[in-house]
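Peer 1: Using the hints, position chain B with the ligands against chain A.
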Amino acid sequence: MATGKQTGQFTAFPLDASHQAAVVGLEEQQEIGYTVSPTRIAFFSLPSGRVVHEQPIAVSPASTMTAIARSSGKEDRLGLGTEDGRVVPLAIDFTSAYESGQRVISPSASVGSPFQIDPTGKAIRRLVYQFSDAGTGAVALTETGRVWYVRNSGGSPVDLTANVSSTVTALVLDTRNETLSVGTADGRLFHFDVREASRPVLTGTSSIAPAGVAITSLAYLIGDRSLVVGTAAGEVSVWMPVRVSAESDRTHLRLIHRLASHPAEVTAISPSQRDKGFLTGDSSGNLYMHYSTSERTLLRFPGGDAIQAAWFAPKANGAIVLDRSGQVRTYSIQNPHPEITFATLFQPVWYEGYDKPEQVWQSSSGGDDFEPKFGLTPLIFGTLKGTMYALLLAVPLAVLAAVYTSMFMHPDLRAWIKPIIEIMAALPTVVLGFLAGLWMAPLLQRIFPAVLVMMVVVPAAVIAAAVLWQLVPRSMRVNLHAGVEALVLVPVLIAAVAVCLSLNGQIESLLFGSNYKGWLADVFGVRYDQRNALVVGFTMGFAIIPIIFSISEEALSNVPRNLIAGSLALGATNWQTLSRLVFVSASPGIFSALMIGFGRAVGETMIVLMATGNTPIMDWSMFDGFRTLSANIAVEIPEAPHGGTLYRILFFAALLLFAMTFLLNTVAEVIRQRLRNKYSQF
Amino acid sequence: MLVQLSSMPHPIAIHIHEGGDVNEKPKASEPKLVLRDVNFYYGRAQALFKVNITVPKNQVTAFIGPSGCGKSTLLRCLNRLNDLVEGARLDGTILLDGVDLYSSQVDVTDLRTRVGMVFQKSNPFPKPIYDNVAYGPRLQGIRTRADLDPIVEESLRGAGLWDEVKDRLWESALGLSGGQQQRLCIARALAVKPDVLLMDEPCSALDPIATGRIEELLFALKDALTIVIVTHNMQQAARVSDSTGFFLMGELIEFADTKKIFTTPDDRRTEDYITGRFG
Ligand SMILES: Nc1ncnc2c1ncn2[C@@H]1O[C@H](COP(=O)(O)OP(=O)(O)OP(=O)(O)O)[C@@H](O)[C@H]1O
Ligand SMILES: [Mg+2]
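The listed protein sequences derive, respectively, from chains A and B. So for the first sequence, numbering that gives the first Met the number 0 puts the first residue at 0; every next one is plus one. So for the second sequence, numbering that gives the first Met the number 0 puts the first residue at 0; every next one is plus one.
In isolation and in its complexed conformation, chain A is listed as follows:
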């Protein structure tokens, strides 16, 4: 998916072997790059490498620069460490102006006033400089092996050396200046809480690399949660604070992703400023591009000389690299959808802030540093869950109604009932969804205990009524046509429902002890969402009843009369005829009906959109909501930028939906054909 190529190579300056300190950077449009060396800053036009601007770096009182650090973040803010323990801020800015319709980008660099980081005035060997709104932090490792931390130019430096029990090989500050991590030669990481600048606290140590393997490079990915670690052995891994246990608030650093290893020591890491991608360079000059979420190494540019510094272009579409011999190489990178693989779509992924790999759909949020979570599994799950609840309601009702209508109902009554049920199908599902979400969901929440009891009471009342009807003397029944008995049920049904409803409160206190929601939470540990699977089951069930009913009824009615007569003539009762002959003969048709109902439920959008709450959670509980593939498309397409990753994923979701129904219908058709060959007359 990702492609990239080298676009330029030129010599910036020969690096002095004694201070191999230098950084590179790129302006957003990738028209201008820069290198900063201990003595000067140079801007190049890219990709040619022609120098467009150059200025020396000087500080008073005069001192030699011995280390350079670039603040992570959007702005080009740098700090230089001096031989006498000072930090010199350096700000680089690009202003673009339009001259006769042509965009002209002009760079400028300004040196700020230096501040002391090592009160003892030792030369700085390694520097971290982090510019943020809350203040600028700096950490320095001096030639004597001491580690100093200071916040803001005026603050007093703090010596952290005593806390670190090994040779320091890497340093990193997060962009908010809250956490300082120190990597050592023995593969350990020391974390300091530096929120209170004057009193940094060692909060923990983690063993990151096998003993003896030095941590050579550290960088936070955008968002400051994932820490990328490069080692002397070339390993690249992403670590994240994870809660020690589900109950605990304490976190510890855990390995969450391991990327492709370099053949040599990792010397530079540059995170992308727009996503969870990052570049790593090694001492053999290889440049890799990785993506943290999908745990993939997307590009590998072959090496040359040891990489001194690497920089990911602000738009993550290019890179610039400086090697130890002073060669600058530039790359262009096309990687529009880095986070998407089949694994990230369908398998659990360990996202930032999660305790374990999970399947999550969360396409967007407020922040820039958000890690999009494009797990489609919760949506597929939601689709199947909604369908299942709908079928659970619709199939028994529709099929039994079809059986009754075709086999037992008086033809006059049938002539009425069939069109009425078919009209149900003409009800726009948006109306059903509206009613479900705004009327039924709150109602159901109120009368849930009554509804629960109804599910038992209503069938019981029907059976009781049927038994009583049998006991009514035949003489009293004659003036009712056969098949009109069903009408007798109507008052019975109304009475049963009314009784349940009127006793709602009593039922609730009797069964659940005052509050059914509390009871559900206590006994089953489930939460009652107002817009839940039950509401959808009822509504979507209602929506697919007509189609299942019509097709089943058709199939049952099409069973040849002479077969039924043949069965009856052998002494079968109506019921035996139905169960042993009619049902079997109509099975292909009934099966079709179920499959068409299934297909309708899978693709149904408006009802689930309005009645589910659209929470993409994976839980079979009937009291929870869910989000279906179809509803997801409807919800998110207005927010999806044309051609973007989300946009494409939504199309993919639609394709998936199509594939599901297609597969289902194909399988259904094959089964139906087989049934038909087996049971059908013709």
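It is worth saying that the hints were derived from the structure and are not from the lab. Glycine included, every Cβ here is placed at the ideal spot set by N, Cα and C. Mixed in with the good hints, there may be bad ones.
No more than 25 angstroms apart at the CA atoms, straight line, and that leaves these computed lysine to any residue pairs for SDA-like [claimed, not checked]:
| no. | chain 1 | residue 1 | chain 2 | residue 2 |
| --- | --- | --- | --- | --- |
| 1 | B | K120 | A | S578 |
| 2 | B | K192 | A | N573 |
| 3 | A | K677 | A | L655 |
| 4 | A | K677 | B | W169 |
| 5 | B | K120 | A | W574 |
| 6 | B | K192 | A | R560 |
| 7 | A | K677 | B | E253 |
| 8 | A | K417 | B | E85 |
| 9 | B | K221 | B | D266 |
| 10 | A | K417 | B | G86 |
| 11 | A | K677 | B | G86 |
| 12 | A | K4 | A | Q326 |
Which stretches of chain B does chain A cover? Using the computed rule of at least three CB atoms under 8 angstroms from a CB of chain A, they are [said to hold, decoys possible]:
| no. | stretch |
| --- | --- |
| 13 | 76 to 88 |
| 14 | 128 to 138 |
| 15 | 175 to 188 |
Peer 2: Just chain B with the ligands now, with coordinates in the frame of chain A:
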């Protein structure tokens, strides 16, 4: 002998002559079905008018008459299949072994196991051959293969179909030829061991050879059964039946020995009909 109609709530004992003089033809005099003043209505339309017939036991009785004269209707009255027809009504009496078929004490399903029926259009169930034949016995609660196998074989042999299908018992009955299907329907009817077999134009869709086989079957079956057959084929009626009834417009015009009907009918209309002069 005292025969008890086991299925009846109030068993009725009837005396049946047995054996006796070898030269006598006792069967001829034994009534199996007796119809007295049977009127039948489809809603307001009357289909049968005051029909009086006595069907003798262990004989083949044929009903003939032009289309629409009520032969099938009468046949369906004999196993109460007309009960299914909305608005149908019967008055008069039909006695089977002396018991009124339409009395409230009679269990219809039980009656239908005793009065089997073969339809004009063969109607095998969309099931394997075996299951078709076993359908009736299974309804009566016979479940095991050990019990069903002999019944199936015996019934198929009885219908003269065994040799043709014994190797394909588990194939769909719909794969059989028309004649085979009709014999399967006969086998299916025989499997419930009825006393009476009603056959509504069983050969109307069959070629002469298949027809011939079914006619042979009737001869073989009448030792054990009383057969009532409706046919449009005069030769067939003459060949297979012992007595014949001629219907016209829902009325029984004449009922007598087949020989008599076909040689010296009493009624002019009968003669016209059997000689083909009927308009
Ligand atoms: N289910 C029914 N409802 C109303 N009228 C019927 C019904 N079945 C038959 N009839 C009418 O009753 C009369 C007798 O029909 P029936 O089927 O008994 O004639 P049939 O003698 O068997 O004729 P065919 O030789 O053509 O089979 C006909 O006029 C017919 O239209
Ligand atoms: Mg007929």
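Peer 1: Is the Cα-Cα distance between A:K677 and B:W169 25 angstroms or less?
Peer 2: 12 angstroms, holds
Peer 1: Is the Cα-Cα distance between B:K192 and A:N573 25 angstroms or less?
Peer 2: 21 angstroms, holds
Peer 1: Is B:K192 close enough to A:R560, meaning Cα to Cα at most 25 angstroms?
Peer 2: This hinted pair holds, its Cα atoms lying about 24 angstroms apart.
Peer 1: For the stretch 175 to 188 of chain B, count the residues whose Cβ lies under 8 angstroms from any Cβ of chain A; is that count three or more?
Peer 2: With 3 residues closer than 8 angstroms to chain A, the stretch 175 to 188 of chain B meets the three-residue bar; holds.
Peer 1: Is A:K677 within 25 angstroms of B:E253, Cα to Cα?
Peer 2: Given pair A:K677, B:E253 is violated - Cα atoms ~47 angstroms apart, limit 25 angstroms.
Peer 1: Is the straight-line distance between the alpha-carbon of B:K221 and that of B:D266 25 angstroms or less?
Peer 2: Violated, at roughly 28 angstroms.
Peer 1: Count the residues of the stretch 76 to 88 of chain B whose CB lies closer than 8 angstroms to any CB of chain A, then report whether that count reaches three.
Peer 2: With 4 residues in contact (Cβ-Cβ under 8 angstroms with chain A), the coverage given for the stretch 76 to 88 of chain B holds.
Peer 1: Is B:K120 within 25 angstroms of A:W574, Cα to Cα?
Peer 2: 24 angstroms, holds
Peer 1: Does A:L655 lie within 25 angstroms of A:K677 when you go C-alpha to C-alpha?
Peer 2: 33 angstroms, violated
Peer 1: Hint check: A:K4 vs A:Q326, CA-CA at most 25 angstroms. Holds or violated?
Peer 2: 17 angstroms, holds
Peer 1: Can the restraint linking A:K417 and B:E85 be considered satisfied, given a maximum Cα separation of 25 angstroms?
Peer 2: 19 angstroms, holds
Peer 1: Check, residue by residue, whether the stretch 128 to 138 of chain B contains three or more positions whose beta-carbon lies closer than 8 angstroms to a beta-carbon of chain A, and give the verdict.
Peer 2: holds (count 4)
When the structure is compared with the earlier hints, violations turn up for hints 3, 7, 9 and 11 and for no others.
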